[in-house]
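Here the structure of chain A is known, so what remains is to put chain B in place on it, guided by the hints.
Chains A and B, in that order, give the protein sequences.
Residue 146 is where the first sequence ends in numbering that gives the first Met the number 0, and the numbering goes up by one at each step.
Residue 115 is where the second sequence ends in numbering that gives the first Met the number 0, and the numbering goes up by one at each step.
With a straight-line cut-off of 20 Å between C-alpha atoms, the simulated EDC-like cross-links for lysine to aspartate or glutamate are:
(1) B:K87 - A:E31
(2) B:K87 - A:E25
(3) A:K116 - B:D35
(4) A:K14 - B:E53
(5) A:K135 - A:D87
(6) B:K86 - A:D36
(7) B:K78 - A:E25
(8) B:K86 - B:E53
(9) B:K74 - A:D17
(10) B:K74 - A:D103
(11) B:K41 - A:D36
(12) B:K87 - A:D17
(13) B:K73 - A:D17
(14) B:K86 - A:D17
(15) A:K91 - B:D35
(16) B:K73 - A:D103
(17) B:K78 - A:D15
Please keep in mind that the hints were generated in silico from the structure rather than gathered at the bench.
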Amino acid sequence: MTDVVREGVFFLNGKDFDNAGVASSEIKAILEQMGVDRSIIRRVAIASFEAEMNTIIYAPAGILRYKITSDFIKVEFDDVGPGIEDIDLAMKEGYSTAPDYIRDMGFGSGMGLPNIKKNTDVLKISSQPGVGTNVKFIINLKIDETS
Amino acid sequence: MTLTDIKEIAEADLLTNNSDMNIQINRGCCSDLMSDVLAFSKPGSLLITGLTNETVLRSAEFANMKAILFVRGKKPNTKTIALAEEKKVPMLATKLSMFEACGRLYMKGLGSESQF
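Here chain A stands alone, though its shape is the one from the complex (with noise of 0.2 Å):
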C-alpha cells in the first residue's frame, strides 16, 4: 500500500463559471508544494481544468474527489448531468456538443476529453444518458527515466 499524502473533496456547481478552476488550483498548488516535476504538474493542472470545466458546462452539479500519494495523483469527477450517449465519439478531437455561448468563453471546441487523454497515464470514463458521468485519470508523479 502506498501511503496517502493528501486527499481532498470539491464540490463544483453547474454553470458557475467564476469558480472554474478553483479546484484545480488548489490541487496544483498542493503538487508545487510537495515539489513535484513541473511538468507533470502542468499535465495534472490540464487535465483537471478540462474535466471540472466539462462538469461545470455540461452538469448541474458534480464532484471532484482526489487522492494524492507519493507516486500517482488519482482524480475523479462524479456528475449528476445529461451523460455522454457515445464516449466514443465524444473522445474524438472537434466533436462537441456545447451550445455557443461556451463557445465564446474559449470552450466547447472538442478538444477537452482527447486532451484529458493526451495529459492522463490512466483515464476511465463511464456514463449514462440522463444519469451522469464519471470521469477517473491518474497521473504518475514521479518522472518515468525509461522512457
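Just chain B, lined up with the frame of chain A:
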C-alpha cells in the same frame, strides 16, 4: 525578451500591480480558443488573446503561461486582474489587433527561438 520589451513593442499598458517586468519570455501563443491553449501551447509562453473572461486567466495559470497580452483594446474586469496579481500572471493590454501585435512581436524575435 523581457516583459518590458513586450510592453513597448506592443504599445501595451500594464494592468496588474507588482508585476516583475524583467521576466524573460521567448515564445508566444495566440488564440481565442482556450481549449487550444490548453492542448497545444508550450509552457513559458506569452498568451496573446482577445478573450477577457476569468477562464483565460485559469488557462494561463494551468498551461504555465508567463504573462497575458490582451488585444483589440479589450480588458478583463477588476476581479480577474486581482486574481492575476494573486497568481502572479502579469497582464498587458494593447489596442492593436491580434495580427498586428503578433506580427510586431515576432519581428522583434518573440517565438523565433524554438527550444524544442
